[in-house]
Amino acid sequence: MPHIPTKYFGSLEYRDEDVVQFPCGLPAFEEERQFLLIEPADRAPLQFLQSVRQPGLCFLALPILVVDQAYRLTMTLEDLVSLDLDTTRQPLIGSDIECLAMLVALENKAPSVNLLAPIVINRRNRRGIQAIRVDSAYSHAHSLAGPEAVCS
Amino acid sequence: MLVIRRRAGETFLIGPDIQVELLEVGATQVKLGITAPRNISILRKEVHVTRMQNEAASREISTLELASLARRFQK
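Chains as they are written, first to last, in the numbering used here: chain A, 893 to 1044; chain B, 19 to 93.
Simulated from the structure, these hints should not be mistaken for laboratory data.
Glycine included, every Cβ here is placed at the ideal spot set by N, Cα and C.
A hint or two may mislead.
[As the list claims (entries may be wrong)] Partial selection, computed: residues in chain B whose CB lies under 10 angstroms from chain A:
hint : residue
1    : Arg24
2    : Glu28
3    : Arg62
4    : Ala74
5    : Ser76
6    : Leu84
7    : Ala88
8    : Phe91
[What the hints assert, rightly or not] Which chain A residues stay away from chain B? Per the calculated CB distances, all over 10 angstroms, these:
hint : residue
9    : Tyr906
10   : Glu909
11   : Ile930
12   : Leu954
13   : Arg964
14   : Thr980
15   : Glu990
16   : Asn1006
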């Protein structure tokens, strides 16, 4: 099996089918088209999006339902098409897609997640996109500070 | 905030070089045409804030911080 150097986990063995293809990259990282989704048991529920091309680039994310159990995904038609998803309805989190919120954790600041632009991965073809909402229902910097951050 | 009223087909300027034309007004959407110099970047706001968040999210996180983040969500 192939190996890649990673930012937080040293050299990691992976299967080709675990690689998620982002045909458009991510905003500000448009050249990064392949990421490995790493879910270490001892860091659960944190997930890591490790760039295959750049060992030094690894994002942290949380399953969006861990952050907000009632999160309502609204993808644009364009984004549905780009992941080859059914365009007549919104995909179901869990069965059709994985949906993650990108985590920003800067020193001396409460961590926050981007609920405006969830990472959506089609489970069937492992294709992904950062699906930026066009409404203003959710914040791009949803704070995880305060007692509600401790998931009960 | 400056508020101006314009009808479809009308235009306004931002500085001498940036021209915004109101092309179409629908029930829930308006269509704008923007003419600006090449060096001016024009982004939907949600794309701009997501770019900024992604840049912040790409910064290094210490092992200690990682452990404490994971603990926040563990029962």
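For each hint, the structure was consulted:
no.: 1; hint: Arg24; result: violated (22 angstroms)
no.: 2; hint: Glu28; result: violated (24 angstroms)
no.: 3; hint: Arg62; result: holds (8 angstroms)
no.: 4; hint: Ala74; result: holds (5 angstroms)
no.: 5; hint: Ser76; result: holds (6 angstroms)
no.: 6; hint: Leu84; result: holds (7 angstroms)
no.: 7; hint: Ala88; result: holds (4 angstroms)
no.: 8; hint: Phe91; result: holds (5 angstroms)
no.: 9; hint: Tyr906; result: holds (20 angstroms)
no.: 10; hint: Glu909; result: holds (25 angstroms)
no.: 11; hint: Ile930; result: holds (12 angstroms)
no.: 12; hint: Leu954; result: violated (7 angstroms)
no.: 13; hint: Arg964; result: holds (16 angstroms)
no.: 14; hint: Thr980; result: holds (20 angstroms)
no.: 15; hint: Glu990; result: holds (17 angstroms)
no.: 16; hint: Asn1006; result: violated (5 angstroms)
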